[in-house]
Amino acid sequence: MNAPTSPPPLLRMARVSKSFPGVKALTDVTFDLRPGEVHALMGENGAGKSTLIKMLAGIHTPDEGSIEIDGRPVTIDSPNRSAELGIAVIHQELNTAPNMTVAQNLALGQEPRTAWGTLDRARMRRDAEAKLRRIGADVSPDTVIGRLSVGMQQMVEIARAVAQQARILVLDEPTAALSEAEAQRLLELVEELRESGMGLIYISHRMEEVYRLADRVSVFRDGHWIDTSDRADTTPESIVTRMVGRQLDDLYVHEPHEPGDVVLETRGLGDGAQVGPVDVRLRAGEVVGVAGLIGAGRTEFARLLFGAERARAGEIRMAGEPVRIRNPLDAVKLGIGLVPESRKEQALFLDLAVRENITVSGLGALSDLGVLRFGRIAELVRRQVESLNVRCSSPQQHVRNLSGGNQQKVVLARWLAVQPRVLLLDEPTRGVDIGAKHEIYKIIDRLAKEGVAVLMISSDLPEVLGISDRILVMRNGRLAGEFDHDEATEETVMLYATGVAGDGETDGVPDGRRAAVTKQGEAQ
Amino acid sequence: MTESVRSTEAPAPAPEPGREPEGATPKRFDGARLALLWDRYGILGVLVLMVVLMAVIAPNFLTLSNGFNIARAASINAILAAGMTLVILTRGIDLSVGSNLAVCGVVSVLLWTSGAPAIVCVLGGILVGAVFGMVNGTLVAYLGLPAFIVTLGALTYLRGTAYSLTDGRPLIADDLGFRLLGDGLILGVPVPIVVMLLVYVTLWFLLARTRFGNEVYAIGGNPEAARLSGIKVKWTLTKVYVIAGACAGLAGVLFSARVVSGQPTAGESYELDAIAAVVLGGTSLMGGVGRVQGTLIGAMIMGVLSNGLLLMNVPFFYQLIVKGAVIVLAVAIDSLKHWKRT
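Same order as they appear, the protein sequences are chains A and B. Using the UniProt record's numbering, the letters of the first sequence correspond one by one to residues 1 to 524. Using the UniProt record's numbering, the letters of the second sequence correspond one by one to residues 1 to 342.
Keep in mind that the hints are not guaranteed to be accurate.
Here are a few chain B residues that face chain A, going by a calculated C-beta distance under 7 Å [stated by the list, open to error]:
no., residue
1, R211
2, G221
3, N222
4, A225
5, G230
6, K234
7, T236
It should be emphasised that the hints constitute simulated quantities derived from the structure, not laboratory data. Using N, Cα and C, we set each Cβ at its ideal position, and we do this for glycine too.
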């Protein structure tokens with residue numbers, strides 16, 4: 001595939017395989033990394049990317065195959081060994097001690113000591129400042145790290161990696177939880193590190209990032225290495241085609257729906273702080289997308305509607321009548337469902353079965369005098385599992401063992417089982433592979449056809465534009481714009497989301513964000 | 001609409017539990033299988049093993065009457081542990097059950113000495129336990145106080161209550177109307193054992209067959225997800241502590257019936273034995289995982305252990321050492337399970 005380079009590559013993995021009980025996670029994978037390049041790994045969830053980087057981090061060891069660094073075979077059998085070899089991995093879940101300061105985190109494990117054997121705080125601070133300066137991170141070493149944004153914490157981790165003279169840096173979905181501005185800074189930093197001769201492995205689902213950064217792109221599918229190509233020789237479409245294994249011509253599902261009456265209406269709804277006043281009308285049988293930057297108050301708005309947070313201002317009306325929603329139970333009783341942002345933390349019971357996860361919101365109808373009717377339960381669960389195509393070995397299987405897409409379908413099934421009138425979806429396809437995404441879009445479409453009012457929050461703009469009948473744009477806790485399916489474009493939505501266009505209220509938008517977006521606009 | 005992307009997930013290997021995965025080495029497979037067996041039946045195996053061992057060592061161990069002895073002696077701990085199981089399933093703890101037992105035992109005897117009919121004494125004792133459970137539950141659920149602190153406080157003030165009710169002296173009542181609960185027989189089976197089994201059947205039914213039970217598991221598994229699913233988390237939590245309190249009340253009544261008096265010193269450190277039985281029985285201190293059947297086995301293991309050590313004439317001090325070691329072992333098993341899962 002790729003011509004052998006004369007000096008040995010920084011890292012080379014040859015014919016590597018790894019199995020876990022029940023799964024062959026990686027089969028015969030060959031991969032190499034050169035100094036001074038960004039090598040992107042692309043693939044759906046479960047394609048084997050994580051297994052590969054866990055091998056580099058010393059968490060897993062390969063069953064077969066070899067790993068070479070600078071042409072010398074190595075065994076990476078522990079995280080310590082991995083660090084000794086100059087490998088640093090920035091995982092999706094950050095690896096910091098949240099209650100300690102930045103300086104303490106940077107010195108972790110190699111704290112400087114005074115002649116008395118006590119901690120040399122002054123030196124620790126100086127070292128930290130130097131380390132942060134090297135990557136241009138503007139953080140005080142005395143800040144408690146848990147108070148920093150995820151982006152800044154990531155910077156600190158990278159500063160630690162650089163200070164430890166890492167030569168191979170692995171970044172696993174580094175921008176997933178970052179704001180636009182933070183993401184821009186991270187991308188710039190990656191470019192600088194590449195200039196300095198470091199080899200970077202970059203995992204991301206965001207095609208634009210990959211296209212901006214990567215020198216080479218390797219595609220994985222089902223634990224197999226598909227191919228590696230220079231970025232210049234490939235197109236996003238061809239990458240996706242290889243990831244999915246077939247032509248991807250119709251991901252988004254949108255057939256215009258015939259909206260009915262207004263089911264839910266908010267007037268001046270707000271939490272008295274960051275969100276509101278917001279006036280929204282949701283009609284039966286329409287899909288309303290909510291776009292906006294992270295921190296625009298979209299999640300908070302949905303949580304107000306659902307009673308997960310108490311509203312401090314305004315009112316909610318359903319079918320014209322004012323209603324009180326003080327807690328989620330009130331919302332459920334009124335026929336409102338919420339698929340929250342992070343399914344593992346906020347929606348799923350990982351150690352309970354698919355069956356219990358699906359029925360948890362509808363137990364009233366599935367029991368008589370509090371005694372469960374297992375006949376009814378089995379029937380309902382079977383229907384939901386079938387109609388949503390949840391892939392599980394049985395309804396008794398623990399949800400922990402399902403893939404991300406199937407877990408999300410279980411959460412959807414929970415709400416479909418109670419036949420809601422309004423369904424709030426907060427990032428319903430985050431961390432879900434493309435095949436499952438398509439299935440979720442079909443479910444949303446079907447719900448709208450059945451007359452459910454769907455409100456979908458998403459940071460994936462093509463998704464919002466692709467499947468919504470109507471698009472709301474939020475900024476600073478308020479509505480900044482509203483578009484029909486046909487008139488919305490990514491550019492206009494971004495302009496409203498960032499405050500460049502809209503009702504003129506640009507105050508309060510951090511300059512960094514606006515600048516970042518402008519820059520992105522230029523890049524396109 | 002094209003169906004082109006529909007089945008993209010299908011080629012991904014879908015592991016099916018129970019079926020031999022092709023890629024796995026036989027050794028790993030055996031390990032997983034063993035782990036599953038241990039998870040389900042391990043603790044029952046431990047009990048059987050202990051019984052066999054004791055039967056060999058102490059010839060008078062394996063008799064029906066000694067079996068009844070063990071179960072009767074273990075019944076009070078088992079009843080406390082039954083309620084404790086629910087509390088621990090919701091990620092909580094109830095340290096007050098031993099003191100609550102003393103208060104309720106004393107109250108039931110006080111009711112008798114003041115002329116109440118036996119049935120009122122029994123129900124009164126249980127009710128008092130439930131009320132103190134309600135207090136615990138309300139503080140934990142509605143004020144969000146840590147269960148450990150709330151029930152640690154209750155452990156102390158309930159002990160004080162028990163002492164002050166009797167001026168610190170035991171309350172002897174030779175004519176106690178419900179003493180049958182202590183030494184009576186039903187079809188040849190000691191009454192405390194029958195009561196214990198009734199408690200377990202009831203709680204098994206509640207956990208496995210009712211909406212309440214599903215909600216308990218849900219809250220223990222993920223409290224935030226439970227709230228966002230529309231479960232009345234606070235009210236359900238309160239009910240859990242009420243049940244634990246009622247179990248303590250019932251255990252107190254049985255205790256008084258057994259010793260035919262109200263003892264303000266009753267049940268000291270029983271809460272720890274109850275917790276040990278729960279954890280031995282496979283309920284996770286992290287909440288959400290566990291069954292009341294396991295707790296019963298856990299309580300019986302502790303009973304067999306006490307009885308066996310006694311039959312072997314192990315001095316009391318050494319008995320404490322062995323029991324303590326068993327409690328530590330129980331927690332070690334619990335953490336081992338979590339370690340395995342990750």
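Review point. Would the hint on K234 (chain B) stand, with a C-beta cut-off of 7 Å toward chain A?
Key: Violated. Min distance 10 Å.
Exercise for review: Identify whether the interface hint at N222 (chain B) stands, where standing means a beta carbon of chain A within less than 7 Å of its own.
Suggested key: holds (5 Å)
Practice item. Have a go at the T236 (chain B) hint: is there a Cβ in chain A nearer than 7 Å to its own Cβ? Key: violated (11 Å)
Exercise for review: Tell me if A225 (chain B) is really an interface residue toward chain A, meaning its C-beta lies closer than 7 Å to one of theirs.
Suggested key: holds (5 Å)
Review point. Can G230 (chain B) be said to touch chain A, with a Cβ gap under 7 Å?
Key: With Cβ-Cβ at 3 Å, under 7 Å, it holds.
Review point. Is the hint on G221 (chain B) kept, meaning its closest Cβ partner in chain A is under 7 Å away?
Key: holds (4 Å)
Practice item. For the hint on R211 (chain B), just tell me whether its beta-carbon gets within less than 7 Å of chain A. Key: Hint on R211 (chain B): holds, closest Cβ of chain A at ~4 Å, below 7 Å.
Hints 6, 7 from the earlier list are contradicted by this structure; the remaining hints agree with it.
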